[in-house]
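2 protein chains.
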Amino acid sequence: MSQERNTEEQIIAAAKKIFSTKGLAGARMQDIADEAGINKAMLHYYYRSKEKLFEIVFTEALDKLLDRLSNVINANMPLQDKIRAIIKNYIEGLIENPQLPLFVLNELQQQPELLVKQFKTKPNFPNIQQFLMEIAVAGEKGIIKKVSPLQLMLNILSMCVFPFAAKPLLKGVTGIDEVQFKLLIEERKQFVADFVLAAITP
Amino acid sequence: MSQERNTEEQIIAAAKKIFSTKGLAGARMQDIADEAGINKAMLHYYYRSKEKLFEIVFTEALDKLLDRLSNVINANMPLQDKIRAIIKNYIEGLIENPQLPLFVLNELQQQPELLVKQFKTKPNFPNIQQFLMEIAVAGEKGIIKKVSPLQLMLNILSMCVFPFAAKPLLKGVTGIDEVQFKLLIEERKQFVADFVLAAITP
DNA sequence: CTTTGCATTAACCAAATGGTTAAACTGAAT
DNA sequence: ATTCAGTTTAACCATTTGGTTAATGCAAAG
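Sequence order for the protein chains is W and B.
For what it's worth, this note's numbering labels the leading residue of the first sequence as 1, then goes sequentially.
For what it's worth, this note's numbering labels the leading residue of the second sequence as 1, then goes sequentially.
Calculated from the structure, these hints are not laboratory results.
Because the structure is a prediction, the values reported are computed rather than measured.
We put the CB at the ideal spot given by N, CA and C, even for glycine.
Each hint should be verified, as a subset may be incorrect.
[As the list claims (entries may be wrong)] Short derived list, chain W residues pointing at chain B, Cβ under 7 Å: (1) 155; (2) 162; (3) 165.
[As the list claims (entries may be wrong)] Negatives, chain B to chain W, calculated, CB over 10 Å: (4) 7; (5) 12; (6) 25; (7) 48; (8) 49; (9) 50; (10) 68; (11) 96; (12) 99; (13) 137; (14) 143; (15) 168; (16) 170; (17) 184; (18) 187; (19) 188.
[Stated by the list, open to error] Once the Cα atoms are required to be at most 27 Å apart in a straight line, the calculated BS3-like pairs of lysine-lysine come out as: (20) B:88 / B:52; (21) B:40 / W:145; (22) W:171 / W:88; (23) W:145 / B:120; (24) W:146 / B:50; (25) B:120 / W:171; (26) W:145 / B:146; (27) B:120 / W:17; (28) W:171 / B:182; (29) B:52 / B:120; (30) B:82 / W:145; (31) B:50 / B:145; (32) B:145 / B:64; (33) W:141 / W:88; (34) W:122 / W:141; (35) W:52 / W:88; (36) W:122 / W:52; (37) B:171 / W:122; (38) B:88 / B:122; (39) W:50 / W:117; (40) B:50 / B:146.
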């Protein structure tokens, strides 16, 4: 009985929320239990330890970030269109999970091994090499300027992700509120795409 | 006697190192004491509490980030040159403090009030409005394309800062090592500047 | 030499925290 | 109705952690 939702799922949902806002070190098991509306002991009953629970949540988060890339990065379409698609797709994904990047980036800096673990269990990460090659080839063909593929990809990613990571700073420095922030992000899908294409069009 | 360096300074240096790598929640007072080579009680003797110590370190870090911007952002030179200067200057600053952005961004998300506090005590933060106006004017004059000044500034900042925040991810995904990473960053000063100018040149 | 004021340390403390345990509850199968 | 398995809870435990205290060290002033 109790809640209609499965307890395990509720725990994961709660853990996701708490971990992604407070981080591994800052999260308290009690917080997660409260958020899930259950007893603290349940957490250990279903998931042995804080670390185990964290790993599940983190892996899923990182997975979501990488999957979002994979979907478009190796699609079969002209490079320019693909770049537009990547940017649109990625920003839209981040709108749904605004605090994901900072969470993942931060935990990854403190435990880089987590990435290795991810690759071992989920080898379906985006085929970046192929995408980089595509950029190089397009450069040779004169479809776009000759540019360092890695640098270009880094630029694209940077412009998509950074605003979400810097949200509080951005709000504080410019004085914009939540509504304006969302508007800014919405505009950004178009702006960044135009920006990148303008930069690499010969 | 003891060490030649002032104890207070040693504490701050140690706290800076520990806080910026582990964050407020993850840092242990004992770690800081060990790093400084002193007794834990000394930390409380000189700085009342963990929070007080953290605030000093954090404020200094944020200050450094913002100051670095201020220096160039309102200089008196052609916009194109200024953009080049900002990018070069900012990336060089980050090379010296690679983990600063993630530290500041992360703590800022968990306690946005820290920004307000900063503004109260240090009103010398970069005059962004003026810079944005400059971009708008340059757009009107046809010196650069007409673009959203805020979006442009965000793009520039993103491309400078993000690679440092995403360092472990970048290393893990591309397989590059520390040397190659530094090379990549070094190249980036030029690349990002060219990229931006190409994007906004009419 | 003694005093004085700051610096330093070891020992200690209370609260918080991750984790455990044993008992109680629940609903289905016998 | 009883049993039985999985679920849930309250109470408890050991360790960690931020913080305190009382005693000691020590260099300069008297």
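Now the hints, each set against the structure:
1. 155: Holds. Min distance 5 Å.
2. 162: holds, 4 Å
3. 165: Where the cut-off is 7 Å and the nearest Cβ of chain B is about 5 Å from residue 165 (chain W), the hint holds.
4. 7: At roughly 27 Å from the nearest Cβ of chain W, residue 7 (chain B) sits farther out than 10 Å, so the non-interface label holds.
5. 12: holds, 22 Å
6. 25: violated, 3 Å
7. 48: It holds; residue 48 (chain B) is separated from chain W by about 21 Å at its closest Cβ, greater than 10 Å.
8. 49: holds, 17 Å
9. 50: holds, 13 Å
10. 68: Holds: least Cβ distance 14 Å, greater than 10 Å.
11. 96: holds, 17 Å
12. 99: Violated, because the least Cβ-Cβ distance between residue 99 (chain B) and chain W comes to about 7 Å, which does not exceed 10 Å.
13. 137: At about 19 Å from chain W, residue 137 (chain B) clears the 10 Å cut-off, so the statement holds.
14. 143: Non-interface label stands for residue 143 (chain B): nearest chain W Cβ at 16 Å, farther than 10 Å.
15. 168: violated, 4 Å
16. 170: Its Cβ does come within 10 Å of chain W, the nearest being 7 Å, so this is violated.
17. 184: violated, 7 Å
18. 187: For residue 187 (chain B), whose nearest Cβ neighbour in chain W is about 7 Å away, the distance does not exceed 10 Å, so it is violated.
19. 188: violated, 7 Å
20. B:88 / B:52: Judged against 27 Å, a Cα distance of about 34 Å means the pair is violated.
21. B:40 / W:145: Violated, at roughly 58 Å.
22. W:171 / W:88: holds, 22 Å
23. W:145 / B:120: Judged against 27 Å, a Cα distance of about 47 Å means the pair is violated.
24. W:146 / B:50: violated, 51 Å
25. B:120 / W:171: holds, 16 Å
26. W:145 / B:146: holds, 22 Å
27. B:120 / W:17: violated, 32 Å
28. W:171 / B:182: Violated. Residue 171 (chain W) to residue 182 (chain B) sits at ~31 Å, over the 27 Å cutoff.
29. B:52 / B:120: This hinted pair holds, its Cα atoms lying about 17 Å apart.
30. B:82 / W:145: holds, 24 Å
31. B:50 / B:145: violated, 49 Å
32. B:145 / B:64: violated, 31 Å
33. W:141 / W:88: Status holds; Cα separation ~25 Å.
34. W:122 / W:141: violated, 34 Å
35. W:52 / W:88: violated, 34 Å
36. W:122 / W:52: It holds: about 17 Å lies between the C-alpha atoms, which stays within 27 Å.
37. B:171 / W:122: Within the cut-off at roughly 17 Å; holds.
38. B:88 / B:122: holds, 25 Å
39. W:50 / W:117: Given that 27 Å is the threshold and the Cα spacing comes to 17 Å, the pair holds.
40. B:50 / B:146: violated, 48 Å
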